[in-house]
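A.B. asks: Each chain, written out:
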Amino acid sequence: MTAYTYTHQVLGRELEAISGHYAFQKEGQLPYKGRQVYYYTGYSSVDTSCCGPGGCGFAFVIGYMVSWHLGRDASGAYVSEIEPLADSAERQDLTKLLMQQAHVQQVNFWTPAATKL
Amino acid sequence: MSTGIKDKVAIIGMGCTKFGERWDAGAENLMVEAFEEAVADAGIEKNQIQAAWLADCFEEIHLGKSALPLSLTLRLPNIPATHVENFCASGTEAFRGAVYAVASGAYDIALALGVEKLKDIGYGGLPNSGSNSGSLNWLWMPNMTAPGAFAQLATAYAAKYKYSIDDLKKVLAHVSVKSHANGALNPKAHLRSPITEDQALSSPMVAHPLGLYDCCGVSDGSAAAIVTTPEIAKKLGKKDLVTVKSLQIALSNGEEIQYNEWDGTYFVSTSKASTAAYREAGIKDPRKEISMMELHDCFSITELITYEDLHISQRGGAPKDVLEGFFDLKGGGIPAQVDGGLKCFGHPIGASGLRMLYEMYLQLHGRADQRQLKDPKLGLTHNLGGFPFMNVVSIAIVGKEGV
Amino acid sequence: MVGIVSYGGYIPRRRLNRMAIMQEMGWYIPALMMVAGGERSMCNWDEDSLTMAVASARDCIAGFDKSKIDGLSLATTTPSFSDRQNAGIVSAALNLRDDIATADFTSSLKSATTAVIAALESLKGGDRHHVLVAAADHRKTRSASFYEMWFGDGAASLLLGSEHVIAEYKGSYSLSVDFVDHYRGEGKEFDYTWEERWIRDEGYAKIIPQSIGGLLKKYGLGMKDISKVVYPCFITREHKGIAKKIGASKEQVIDNMHDVTGETGAAHPLVLLVSVLEQAKPGDRIVVASFGQGSDALLFQVTDNITKLAPRKGVKGSLENRKEETGYAKFLTFNGLIEAETGIRAEAETQTSLTTLWRNRKMILGLVGGKCKKCGTVQYPKTDVCVNPRCNAFHAQEDFEFSDKDAKVMSFTGDYLAVSVEPPSVYGMVQFDGGGRTLLDFTDCDLEGIQIGQTMKLSFRRKYYDKERGFVGYYWKAIPK
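In the order they appear, the protein sequences are chains X, H and B.
Residue numbers for the first sequence, in our numbering: 199 to 315.
Residue numbers for the second sequence, in our numbering: 7 to 409.
Residue numbers for the third sequence, in our numbering: 226 to 706.
Calculated from the structure, these hints are not laboratory results.
Remember, predicted model here, so these are calculated numbers, not experimental data.
Ideal placement from N, C-alpha and C gives every residue a C-beta, glycine not left out.
Do not take every clue at face value.
Each pair of labels, with its calculated beta carbon distance range [as the list claims (entries may be wrong)]:
| # | chain 1 | residue 1 | chain 2 | residue 2 | range |
| --- | --- | --- | --- | --- | --- |
| 1 | B | K682 | X | E225 | 43 to 49 Å |
| 2 | B | D629 | H | K336 | 54 to 60 Å |
| 3 | X | Q303 | H | G288 | 49 to 55 Å |
| 4 | B | E626 | H | D204 | 49 to 55 Å |
| 5 | H | A46 | X | G226 | 54 to 60 Å |
Residues from chain B that face chain H, not an exhaustive set, calculated with beta carbons under 8 Å [to be verified]:
| # | residue |
| --- | --- |
| 6 | S578 |
| 7 | N585 |
| 8 | K587 |
| 9 | Q604 |
| 10 | N613 |
| 11 | P614 |
| 12 | G639 |
| 13 | D640 |
| 14 | A643 |
| 15 | V644 |
| 16 | S645 |
| 17 | S650 |
| 18 | G653 |
| 19 | G698 |
Sequences and hints are given; from them, build the entire structure.
C.D. replies: Structure below.
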């Protein structure tokens, strides 16, 4: 699997959508299969959706860490090299682990925003 | 032999409030705000309006039943006024009432006004009707919300056309990014923040695989239209008329939910309503002839699949069109959600259909400022109320007279 | 000959590891440790005595021509209604005939054995041929009480009749004494209990031996003539003590199921009986006794027919369908023992239109749809106009039952916004094998485990509870097969 550059998120910044908002709160690393899995935890509040209020604590898994903090991008944010997690068994495994360890209700996975089908 | 509505009615004035959490305004105030703009735009006196239609959906939490709130609030001169409700198609239904009224020759000038005040109930989201959703429905319909129902559409669509969920999410992110970019240019939009694809893709799920940026929200708002015949419009000194080309409504009849054929990847009623609308408007190739659209993007997946049900994208081909920018503001195709759509306006139900027509009207008159498209001729609006398996769909096409 | 024709069992899939209670409440009542081994069965939030009774009854009568059932009794101390016959709801869910006799047996932990005796005695008259007895209990207990540890939720059913009998009814002996080891006063949520040592020494240790002894004496038998004897007693040490008192060997007694379910209330004697029948051989003599303001003891002798009984889930199969629950707070929430916030949204009106329910009772309680006599299309619900677009015949449908049909998942989702006791709310569209489709809530499943095309079966569940009026709304949900 190829590695991609990943621009680190601003922690604590609330991103607003019409149906609610979310924020990344913490960065974390989890040893898994002899490698480090890099993830965020955060919260979402679905308080303005047209279909009822909700929200959750979530983890957003970026992938296997390849090179940590390679440099910074134009906005000053750190950039790292990451190998995204695509394998469904590994995703299920990590979902379980993170739900237990990070006390989140939802685990999602980063996929690089490539625009080719 | 019926001849349809094409070019029989012109829109001479429209108004639209600022949408948002309007803690400052009740439904009555919102109606006045939309009406004042519409009547000033039409350049007529209030008393020239001879009949009126009021649309809302959850009237029990704001105006209450009947069209009395419209007549009382605007102090209409004891003219006929009618209250309509047909889920998310309500606004377009009010417009349809007013348009048919003048087309029939019964009245010269008619008003359609839609409004919804959703932020007076103490919690986010649409009101939960509970057992008031219908005495039999209550006894058996699942405990569901719209995101859950539309999420099923997404998984079924991905499975049928063999898109991975990861890929479909990227397509949906593009749908959402495009609308937010448009909405950022619109001073009347509720939310005016452009977003990135990464921001959309990083957002938590509301109902898998629909994330936070795939779902619309609640807002308060109102929009209004004043219509007459082209002849009267010209007598009133109006030029470059915007006329109605078609008005279609289609409703499910239970086949999707009960019969064994529908595969859950498209909207039966949208597909039928759009075909009827093109026939009424004399449109042969919508992909070439439609200049712009306002679709009911309650969810990104709804918008995506609607491209196909409108017969603009091939079945299974909408993702490709999306990623190629066909629906972007400057993408060279058919810009969709030109004003920002439900994603930026939220969804005050009764107002939404008329809010969409308001943008088409502005664009056709060249009054859309930063969002202005080059010489649009035909604009299509679409509303979908209910669920993928059971819904009410409305389609309106408006355009320049003579197109 | 009258006796047992068939049996069924149901233990909820969720089992609360008792250490979960200990972990959370051990600081408060350290002595709980004494009974904190094993696990107890716990109802899902949408289960209660009626839904469990229906599940065990369906297990019991699977493959049997249910039009032959002439009567139905429900035994429980936790009925959903004080005045609206609970057995009537069970009967409607099973879609039994209207012209049968139904009855609730309640207010005592021995009510199930009493219902069985009444049914068997009525069969002897010859007017009735088959009577179904379903027993279930879902008792609420105070947090951190010994009873929370001892009790479990479960159900068992027996079809009693005069043909194809698998265990012949030989007779019974009943004791009725107002021994109040516990009581649940009118309008009270919990049992009020007396000292356990007294219950043990003066209650269990005397009353059960007395009823079993009375039975054996009445029919001139000794313990040596009995293959298996079952009776409840949640105090495990005393359960063994009773065996000694009645002269039964280890092999003759089966344990009280404390380790796997806990005591399932009025259902427990039948749950124990079913687990014995599951391993019984022709010729076996079985004694079952109950305990509750006295005791009933019944004697059965297994016939050759038991070898011909079609396989079923029973108690054994239900026990195998197990999901461990380690979250004590979930148990408390499901049982309404902590008041979790539900938000203003949940304040919506929850009234039931009784006229609507009456007209649609077969649809709602029995999951009965229609089959068009013109075009043959099977559909749910049954309506006045056929759904087939090429037919659309008016008034052409006959009843068609869906509850025993398997269905495939067409689409589904996990919904975090829907008001739910246990989010996400999972639901979807299912296509019935043989035609017809509908939308259903899914239950007893994990979202991750559901797949398109998966086979589901139907389960009768609580759909809503109207707190203000005390009405429980029942409907059907889909569970993985």
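A.B. asks: Using 8 Å as the Cβ threshold, decide whether A643 (chain B) counts as touching chain H.
C.D. replies: 5 Å, holds
A.B. asks: Could you check the hint for me, namely that Q303 (chain X) and G288 (chain H) are 49 to 55 Å apart, CB to CB?
C.D. replies: Roughly 53 Å apart at Cβ, these two residues keep to the hinted range, so it holds.
A.B. asks: Regarding the hint that V644 (chain B) lies at the interface with chain H, is the smallest CB-CB distance below 8 Å?
C.D. replies: 7 Å, holds
A.B. asks: Verify the interface restraint on G698 (chain B): the C-beta must sit less than 8 Å from at least one C-beta of chain H.
C.D. replies: 6 Å, holds
A.B. asks: Is it true that the C-beta distance of A46 (chain H) to G226 (chain X) lies inside 54 to 60 Å, as the hint says?
C.D. replies: Given a distance of about 57 Å, which is inside 54 to 60 Å, the answer is holds.
A.B. asks: Has the hinted range 54 to 60 Å been met by the Cβ atoms of D629 (chain B) and K336 (chain H)?
C.D. replies: 59 Å, holds
A.B. asks: Is it true that the C-beta distance of E626 (chain B) to D204 (chain H) lies inside 49 to 55 Å, as the hint says?
C.D. replies: Roughly 52 Å apart at Cβ, these two residues keep to the hinted range, so it holds.
A.B. asks: Measuring from beta carbon to beta carbon, are K682 (chain B) and E225 (chain X) in 43 to 49 Å?
C.D. replies: 45 Å, holds
A.B. asks: Min Cβ distance, G653 (chain B) to chain H: is it shorter than 8 Å?
C.D. replies: 6 Å, holds
A.B. asks: Given a cut of 8 Å on the nearest C-beta pair, is the interface hint for K587 (chain B) held or broken against chain H?
C.D. replies: 12 Å, violated
A.B. asks: Once the shortest beta carbon distance from D640 (chain B) to chain H is found, is it less than 8 Å?
C.D. replies: For D640 (chain B), the interface hint holds, since the closest Cβ of chain H sits about 3 Å away, which is under 8 Å.
A.B. asks: Min Cβ distance, N613 (chain B) to chain H: is it shorter than 8 Å?
C.D. replies: 6 Å, holds
Checked against the numbered hints above, the structure breaks only hint 8 and satisfies the rest.
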